[in-house]
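Chains as they are written, first to last, in the working numbering: chain Y, 1 to 93; chain D, 1 to 530.
Derived from the structure by calculation, the hints contain no laboratory data. Bear in mind the structure is a predicted one, so any value in this text is a computation, not a measurement. Among the hints, a few may not be true.
Stated by the list, open to error - Distance condition first, Cα-Cα at most 27 Å in a straight line; then the derived BS3-like pairs of lysine-lysine:
| # | chain 1 | residue 1 | chain 2 | residue 2 |
| --- | --- | --- | --- | --- |
| 1 | D | Lys-217 | D | Lys-441 |
| 2 | D | Lys-83 | D | Lys-105 |
| 3 | Y | Lys-75 | D | Lys-518 |
| 4 | Y | Lys-75 | D | Lys-212 |
| 5 | D | Lys-209 | D | Lys-446 |
| 6 | D | Lys-217 | Y | Lys-66 |
| 7 | D | Lys-212 | D | Lys-446 |
| 8 | D | Lys-70 | D | Lys-99 |
| 9 | Y | Lys-75 | D | Lys-217 |
| 10 | D | Lys-105 | Y | Lys-58 |
| 11 | Y | Lys-67 | D | Lys-518 |
| 12 | D | Lys-17 | D | Lys-175 |
| 13 | D | Lys-518 | Y | Lys-52 |
Unchecked claim - Computed Cβ-Cβ distance ranges for the label pairs, DEER-style:
| # | chain 1 | residue 1 | chain 2 | residue 2 | range |
| --- | --- | --- | --- | --- | --- |
| 14 | D | Glu-109 | Y | Glu-40 | 13 to 23 Å |
| 15 | Y | Glu-40 | D | Arg-250 | 33 to 43 Å |
| 16 | Y | Tyr-51 | D | Asn-474 | 44 to 54 Å |
| 17 | Y | Glu-38 | D | Pro-418 | 16 to 26 Å |
| 18 | Y | Glu-70 | D | Glu-109 | 46 to 56 Å |
| 19 | Y | Glu-41 | D | Ala-367 | 47 to 57 Å |
| 20 | D | Tyr-523 | Y | Glu-38 | 44 to 54 Å |
| 21 | Y | Val-62 | D | Asp-173 | 48 to 58 Å |
| 22 | D | His-469 | Y | Tyr-81 | 26 to 36 Å |
| 23 | Y | Glu-70 | D | Pro-58 | 51 to 61 Å |
| 24 | Y | Asn-78 | D | Arg-300 | 32 to 42 Å |
Glycine is no exception: its CB is placed at the ideal position from the N, C-alpha and C atoms.
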Amino acid sequence: MKKFKNYLLIFVLAVIAAANIFYLIGISAYGAEMSELENEETAISGQIQNYKEQIMNKSSLVEIGKKAEELGFGKPQNVIYVAGESAVVAKLP
Amino acid sequence: MLKLFIWQVVTGGNLAKEAKNQYRSGKVISAPRGNIYAADGSILAGRKEAWLLYASVPDFKEGPPEIAKKISPILEADYEILKDTLAVKGAVWIPVTHKISSEVKNNIEALDIAGLGFEPEEDRAYPEASAAAQLLGFVGKNAEGEDTGYFGLEGYYNLPLSGRRGYSSTDKDAKGNPILLGDFQEVSALGGVDLMTNIDKTVQLILEKRLKEGIEKYGAKGGSSMVADPTTGAILAMASYPSFDPAQYREYNDSLFKNPAISDTFEPGSVFKVVVMSAALDAGAVEPETICDICTGPFRVDKYSIATWNNKYHPDSTMTEVIVNSDNVGMIFVGQKLGADKLYDYLKKFGFGDSTGIDLQGEAVPALRPKSSWNIVDLATASFGQGVAITGAQLIRAVSAIANGGKLPRLEVVKGKPKLEQIISPQTAAKMTAMMVEAAKNGEAKWTNTRGFSVAGKTGTAQIPIAGHYDTQNTMASFIGFSPANNPKFIMLITLNTPQSSPWASETAAPLWYSIAKDLFPYFNIQPEN
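With the rest of the complex left out, here is chain Y:
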C-alpha cells in the first residue's frame, strides 16, 4: 500500500511537472504572439494616423481653394442685393 502511494505521488508530481512544462511552452508561444499583436497594433495605428493625415490635408481650405480655381470656380465679383418686394421674379398663373 505504501509502495502504491509512492508511485501515485511520483505520478502526480510527474503530471504536474509535465503540465508545468507544457504551460511554460504555451506561455512562451503567447509571448511571441503578443509581440506579433503589438507589431500589428503599431502598423494599424500607423495606418489610422495616415488616413487621419490624409483627411486633414484634403480638408485644407487652401488646398480646396486651389482645386476650385483649377476647376474654374471663382469668387463673386459683384454681389447684388435684391429688395424684399423684388424677390419674386415670376408668378405662375
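Could you slot chain D onto chain Y? The hints should help.
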C-alpha cells in the same frame, strides 16, 4: 567548485545585474500632442506620422562610409557628418535622423541596408500652411530635446497640449519577445488635450489674402489685422504679414515668430479718440451736441502748439463733428473737460495698462504712466492718441465695449464662456456708436465707405516715436470698425506699418478695411440698410 563559488558569491550581484539588463527592456511611451481645431471642426494644427531612423551597429553588414553614401542623398544630409555619426566609437545604437517622412522611410527601406531601422515618432502638421502662423505658433525642441510649443496657441497651451509621457518595462526572451510570467510595469501615457478655437477658417483666409494684397498695394513694411465678435470677445481671425510657415519654422528669421497684433506696441493716434470721447460722454463731461469753444485754431498747451491733422479748423464744432473731422483741438477740449484723473480711470476701465486676457503666448502689456505723473501736455496729447502705448489687441477689446453696449469682453481664441464687464453705460455706447457711424459716412475716409452698409468706424494715423522724438516721414495707419453698427456681427482692426503710397490711414488702412468688409458682409449675412 571554486569557479562556481566565484560566480555565485563573489561576482553574483554584478552578473545578476548584467543578466537583468539583457532580458529587461524598457521604453518611453510618447503622448500624442493634442490637435488645434478651427470653429468648424477642421484641423488647424494636427499630428503627422514621422519616423526616427536609427542604426544598430552590431547588425551592420557594410561599413559606415558605404551606408552614409547610400542614404545621404535620400536624407538630403551631409555625407561627412552622416558618416561620422554612424562611425561613433563604442556606440551600439545610434539615432540617425528624427522626424523623417514616411516617403523617405520607404525609400531607405527599399535599399535593404542591414542595421538600419525605424521607430514611429510624431510630427506637427499645419494643413493651412502659413495661414494663422503667428496665432498658432509652432512646435520646436527644448533644451532636453523634447517637443515644445512656442508662441501663439502652441506656446500658451503647451502643457495641456503635450499630455504626459508614459513608460513600460518588461522582461524579454532571447528573441526579444515578452515573457508573460516575467516582471511587467507600465505607466500609461496621457494624450494631450485638443483645443477647439473660435477661429473661422473662411474669415482667416480672407484676412490673410486681403492683408497681403493691401500691404503690397500700399507699400507698407508690414501689417496686422484682427476680426473678433465684439459681443463675446471671440477672436475669429488674426493675421499678420510678413509671416512664416510653422512647419518649416527653422528657415525663417526669429523676428517673424512674434504676433504683432498682441506683441507690438504703438501710439494709436486718432483711433484712440473714440475711447477718450466715450469716457467723456460716460462721465457726463460732454454730450454729442456740446460745442467746442476752442476749435477756432491751433491750441497752445504749455510750450507746444497743437494743430489739426490737415490744418483746417471748425469753430463751434459739436462733439460728433470733432470725431467726424478727427479734430485734435476738439479732443483737447474733451480731455480738459474730462480731466486727467478721470481719463486715467477710464483708460484702466477700458483695459489699457492690463492684459486683454487673450490666450496667446507673447502678449505685451504696455503700462500706463502712473496717474500722479500726468501733466497738462500728457492729458492733451493722450486725448488724441499720442504719448500712450497700446497693442492692437487692447484697442480691439476697448472698441468692442463700445460696440457691445458698454460691456468689455475678454479676448478668447479657444472657445470658452464669454467674460464681460460693464464699463460704460449702454446709452454712452449708443451715443458713441452713432458718432462713429457719422465718422465712417462723413469723415476723411468717406470716399471709401461702402454705401448702404451700416458701419461704425474710425481712422487713425499715428506718428512713430523713435529715440525721443517722432519720425517725420513714417506713420502707423489704422482703421477700426464694426458692422452692423447697432447689432455688430464683427469688429475688425487693420494696422499698416509705414505705408508708402500715402501716410494717411484714410487712403490706406480704411480702403483695405472696406475691401475686406465687402467679403465679410455676405459671409456674415449682413444686408445693406436700404
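Each hint tested on the structure:
1. Lys-217(D) <-> Lys-441(D): At roughly 24 Å apart (the allowed maximum being 27 Å), Lys-441(D) and Lys-217(D) satisfy the hint.
2. Lys-83(D) <-> Lys-105(D): holds (19 Å)
3. Lys-75(Y) <-> Lys-518(D): holds (12 Å)
4. Lys-75(Y) <-> Lys-212(D): Since the Cα atoms of Lys-75(Y) and Lys-212(D) sit roughly 18 Å apart, the hinted pair holds (cutoff 27 Å).
5. Lys-209(D) <-> Lys-446(D): At roughly 24 Å apart (the allowed maximum being 27 Å), Lys-446(D) and Lys-209(D) satisfy the hint.
6. Lys-217(D) <-> Lys-66(Y): holds (23 Å)
7. Lys-212(D) <-> Lys-446(D): holds (23 Å)
8. Lys-70(D) <-> Lys-99(D): holds (19 Å)
9. Lys-75(Y) <-> Lys-217(D): Distance of about 20 Å is within 27 Å: holds.
10. Lys-105(D) <-> Lys-58(Y): At roughly 22 Å apart (the allowed maximum being 27 Å), Lys-58(Y) and Lys-105(D) satisfy the hint.
11. Lys-67(Y) <-> Lys-518(D): holds (24 Å)
12. Lys-17(D) <-> Lys-175(D): holds (20 Å)
13. Lys-518(D) <-> Lys-52(Y): Roughly 35 Å separates the two Cα atoms, so the pair is violated.
14. Glu-109(D) <-> Glu-40(Y): 13 to 23 Å: Holds, since Glu-109(D) and Glu-40(Y) (Cβ atoms, about 18 Å apart) stay within the stated range.
15. Glu-40(Y) <-> Arg-250(D): 33 to 43 Å: Roughly 36 Å apart at Cβ, these two residues keep to the hinted range, so it holds.
16. Tyr-51(Y) <-> Asn-474(D): 44 to 54 Å: Holds, since Tyr-51(Y) and Asn-474(D) (Cβ atoms, about 51 Å apart) stay within the stated range.
17. Glu-38(Y) <-> Pro-418(D): 16 to 26 Å: Since Glu-38(Y) and Pro-418(D) have Cβ atoms about 47 Å apart, the given range 16 to 26 Å is violated.
18. Glu-70(Y) <-> Glu-109(D): 46 to 56 Å: violated (34 Å)
19. Glu-41(Y) <-> Ala-367(D): 47 to 57 Å: holds (55 Å)
20. Tyr-523(D) <-> Glu-38(Y): 44 to 54 Å: holds (49 Å)
21. Val-62(Y) <-> Asp-173(D): 48 to 58 Å: holds (51 Å)
22. His-469(D) <-> Tyr-81(Y): 26 to 36 Å: violated (49 Å)
23. Glu-70(Y) <-> Pro-58(D): 51 to 61 Å: holds (52 Å)
24. Asn-78(Y) <-> Arg-300(D): 32 to 42 Å: Given range 32 to 42 Å: violated, Cβ gap about 51 Å.
Going down the numbered hints, you'll see the structure goes against 13, 17, 18, 22 and 24, while the others check out.
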